[in-house]
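S.K.: Protein chains in written order, with UniProt numbering: chain A, 1 to 287; chain B, 1 to 317; chain C, 1 to 250.
Mixed in with the good hints there might be a few duds.
[Unchecked claim] Where chain A lies over chain B, by a calculated footprint (3+ residues, C-beta under 8 Å):
#1 120-129
#2 248-255
#3 292-301
[Said to hold, decoys possible] EDC-like mimics (lysine to aspartate or glutamate), calculated; alpha carbons at most 16 Å apart, straight line:
#4 B:K108 to A:E261
#5 B:K129 to A:E261
#6 C:K53 to B:E196
I should point out that these hints are in silico values taken from the structure, not numbers from a laboratory. The beta carbon of each residue, even a glycine, is placed where N, CA and C say it ideally should be.
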Amino acid sequence: MSLFLNILIDGVAYGMILFMISVGLSVTMGLMRVINLAHGGFAMVGGVVAHVLMSEAGIGYVPAALLGIVATVALAWPLERLIYRRIYGFGDLQQVLATIGLTFLMIATVNRLQGSSLLALPLPTVLAQSVDLGFRTLPLHRVIVIGVGAVVIVGLWLLIERTRFGIKLRAAVDNRATAGAIGINTGLIYTATFCLGAGLAALGGILGAEMLPIEAYYPLRYMVLFLVVVAVGGMGSIGRSFLAALGLGLIETASRYLVPEFGTIFYFACIILFLALRPKGLWGRLA
Amino acid sequence: MTRLMRIPFAVEALLIALLVIAFFAFPYNLAFVTRILIMVLFVLSIDLVLGFAGIATLGQAALYGTGAYAAGLFAVHVTAAPLPGLLIGMVAGAALAFLSGLVLLRTKGLTLIMLTIAVAQICQEVANKARDVTGGADGLRGIRMEPVLGLFEFDFIGITAYWYVAIVVFIVFLALKRLAAAPLGLSLRGIHESPERMLAIGAPVYRRQVLAYTLGGGIAGIAGALAAQVTQLVSLEVYSFTLSAEALIMLILGGTGRLWGAIVGVVLFMTVHHVAASADPYNWLFFIGFMVLGVVFFLPGGMIRLPQALLRLGRQR
Amino acid sequence: MSAGLQVRGLQKSFGGIIVADDINVDLAPGARVALIGPNGAGKTTFSSLITGKLTPNAGEITLDGQDIRPLGEADRVKAGIAKTFQITTLFRDLTVRDNLRLAAQERDGRARAWFKRADSWAEVEREIDAQLAAFRLEALGDKRVSDLAYGQQRLVEMAMTLMLKPRVLILDEPAAGVPSSDSHLITDAIERLPDDLAVLIIEHDMKLVFRVARSIIVLVNGRILTQGAPNEIAADERVRDLYLGARHHD
Numbered sequence: 001m002s003l004f005l006n007i008l009i010d011g012v013a014y015g016m017i018l019f020m021i022s023v024g025l026s027v028t029m030g031l032m033r034v035i036n037l038a039h040g041g042f043a044m045v046g047g048v049v050a051h052v053l054m055s056e057a058g059i060g061y062v063p064a065a066l067l068g069i070v071a072t073v074a075l076a077w078p079l080e081r082l083i084y085r086r087i088y089g090f091g092d093l094q095q096v097l098a099t100i101g102l103t104f105l106m107i108a109t110v111n112r113l114q115g116s117s118l119l120a121l122p123l124p125t126v127l128a129q130s131v132d133l134g135f136r137t138l139p140l141h142r143v144i145v146i147g148v149g150a151v152v153i154v155g156l157w158l159l160i161e162r163t164r165f166g167i168k169l170r171a172a173v174d175n176r177a178t179a180g181a182i183g184i185n186t187g188l189i190y191t192a193t194f195c196l197g198a199g200l201a202a203l204g205g206i207l208g209a210e211m212l213p214i215e216a217y218y219p220l221r222y223m224v225l226f227l228v229v230v231a232v233g234g235m236g237s238i239g240r241s242f243l244a245a246l247g248l249g250l251i252e253t254a255s256r257y258l259v260p261e262f263g264t265i266f267y268f269a270c271i272i273l274f275l276a277l278r279p280k281g282l283w284g285r286l287a
Numbered sequence: 001m002t003r004l005m006r007i008p009f010a011v012e013a014l015l016i017a018l019l020v021i022a023f024f025a026f027p028y029n030l031a032f033v034t035r036i037l038i039m040v041l042f043v044l045s046i047d048l049v050l051g052f053a054g055i056a057t058l059g060q061a062a063l064y065g066t067g068a069y070a071a072g073l074f075a076v077h078v079t080a081a082p083l084p085g086l087l088i089g090m091v092a093g094a095a096l097a098f099l100s101g102l103v104l105l106r107t108k109g110l111t112l113i114m115l116t117i118a119v120a121q122i123c124q125e126v127a128n129k130a131r132d133v134t135g136g137a138d139g140l141r142g143i144r145m146e147p148v149l150g151l152f153e154f155d156f157i158g159i160t161a162y163w164y165v166a167i168v169v170f171i172v173f174l175a176l177k178r179l180a181a182a183p184l185g186l187s188l189r190g191i192h193e194s195p196e197r198m199l200a201i202g203a204p205v206y207r208r209q210v211l212a213y214t215l216g217g218g219i220a221g222i223a224g225a226l227a228a229q230v231t232q233l234v235s236l237e238v239y240s241f242t243l244s245a246e247a248l249i250m251l252i253l254g255g256t257g258r259l260w261g262a263i264v265g266v267v268l269f270m271t272v273h274h275v276a277a278s279a280d281p282y283n284w285l286f287f288i289g290f291m292v293l294g295v296v297f298f299l300p301g302g303m304i305r306l307p308q309a310l311l312r313l314g315r316q317r
Numbered sequence: 001m002s003a004g005l006q007v008r009g010l011q012k013s014f015g016g017i018i019v020a021d022d023i024n025v026d027l028a029p030g031a032r033v034a035l036i037g038p039n040g041a042g043k044t045t046f047s048s049l050i051t052g053k054l055t056p057n058a059g060e061i062t063l064d065g066q067d068i069r070p071l072g073e074a075d076r077v078k079a080g081i082a083k084t085f086q087i088t089t090l091f092r093d094l095t096v097r098d099n100l101r102l103a104a105q106e107r108d109g110r111a112r113a114w115f116k117r118a119d120s121w122a123e124v125e126r127e128i129d130a131q132l133a134a135f136r137l138e139a140l141g142d143k144r145v146s147d148l149a150y151g152q153q154r155l156v157e158m159a160m161t162l163m164l165k166p167r168v169l170i171l172d173e174p175a176a177g178v179p180s181s182d183s184h185l186i187t188d189a190i191e192r193l194p195d196d197l198a199v200l201i202i203e204h205d206m207k208l209v210f211r212v213a214r215s216i217i218v219l220v221n222g223r224i225l226t227q228g229a230p231n232e233i234a235a236d237e238r239v240r241d242l243y244l245g246a247r248h249h250d
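Extracted from the complex, chain A is given alone in its bound form:
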């Protein structure tokens, strides 16, 4: 029972992290049809900035995290305007190469500035505590991750379903040309969506540093994890990305707990089997 609860809590928390990092990837793929292999780089940038602020400027965890997110968005904005905008029209392979190039540049930059060691994001003592539920204790950090994840999904839902921006975004995902023709400024939507995705990735990177430690090779090391969420959940849907991330988080956590020696192998074998049976993802939309 305790094992089951551990898997559940860790799995859900891990799934939330995967969701926060991958949702931007899914939406930019659905919207701009761009395969952005450098997306994990945004999670890393957030983590690195927060690490530097905490270790070198002595700023606290929460403000450092917020500034890390702001810095990531500030990087994503010109990147989208100057580089990605030109990548959208490329073929699959060209997109993959261009974004691998960007990934290498991100890695090289972090390597240059911070070296290749792990960059710790020590939790403040308040967060490092456990909460007592009476029958058992839970690490507070996991609870907070799950809480933030829930806030993000609700916030995104409200944004998409209840705002003018959301209406325009959905229209643009459905049909870019039509959206442009009826006077929606798709360029602005692209930039805003891209920056939002990057910011959420940074949030996920910082919060998830306990599970996916921040270091220079982060964007390559975890690239497949994030891509899998999109492949399973399909592109361009927030709800589906959420379910896919949660499911994958639970499966991976369970396989790490139950077959620790072969967790990764088991996990990937599951995914390959799944995608072989359903090559177009859970809901069979374009992949």
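Go by the hints and put chains B and C onto chain A.
M.R.: Here is chains B and C on its own, set in the frame of chain A:
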């Protein structure tokens, strides 16, 4: 270059000349030139899969690495004769390509690219976990090769290794050149350009893609086997994403679908790497990053299209 | 058992929307049948059901009395049913001859040969010469398809499809996108198709339809409204109201 390829044996003569010149020009760097040749073979395998058949892959290292481990283990446990080991490497690479291809090639686009990466990662993880067999993170050691054909002993300067690798690469290149001009090559290019039309003229597209992937796997397996035999070491790095990505970059740099592009791209990339990375490995990553972006944005056809690209630029002025 | 393609009671629906309803069609050798109807009438669906791209919910499709429903797309082509597309999807970076060669090598089942050059089968090369001549494309054989005018590309498409030696040929809007100055090229080519070939033409251009078809089927909402000789169809009030009314042919 295309005109040259029509003159009988011009390609063969040119290749032999290049191999002989390289041998005499770099007497102290033979090991490095040998590495270049192995990489040419590996990139050729990607050219067959991606440049001809249009299968986007970022996991070719899975096939290379499997060939390397198969040949290494064969040398340690069965026989240290090089040629049987090469055959084993080829069969292992082809077998993995066939089995994974049956699954992978049902998908396309992003899912395909991602699954190819995932296959390589699984292989790496399996090799890492099976420490008793593969040596895990320490690498597979204790490979001692017998003389090639029982006649040519591997020397420490690398002369035998150079010619052994050169001849294998030469043979595979010629075989691929024949394939490119033959019905199979034409049919793979057809699949690349329009799978829908291929179906409409009655071609079993999926099965033929599996065939191309399997052939590519065999060639990648040979490349891995050569690497294992010549360096007498197989490490987990043979499965790394960076290897797949760099090989793809070399191919795109040279130009896809024309075989020559693989040679041009590898020589260029490896030479620059040799010079730049020995100076500063971190700046090397900066360098590839900018190089990839430069090629993608300004030279989408690769280096062998450079003359045309410059002409076009000149005309625009 | 009768020769040619027979379709009986063909039915197809997508989630409750019926796109093909009890369709019966006969295409005997030498037939020149046109399938017309307003947009969304189910013309392309019908052709997809014949070629195997879609699977019918009910009904029979036989070729020379053989049930072809179990065959996949590629196998139906091998059985003798070939089609051209609404929008050309030729091998644009290959030469015209290579396009035709590809079809021939699939037909002859030697597409996996890897040692001999693809152009070294003298018999096939002569066949390609003849096919190019039949479509007046002799001068363009070594040009890349992407360098040809659109009308010429459609001719290449037909020539390529004929290399398969089909017994049933489906032409899906052969004149779509062809400038009217070139449309006679298409009409002429269709008129010169082999006599024993069964041809089904799906087309909007009424001028073309009335010139080449000997029988016309009018499809509306997935059902056959009427079928008959061109003069009967032209005189049919329902067809006039429904379809020709909007676009008078002269």
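S.K.: Against the earlier hints, flag every one the structure doesn't satisfy and list their numbers going up.
M.R.: Going through the list in order, the structure violates hint 4 alone and respects the others.
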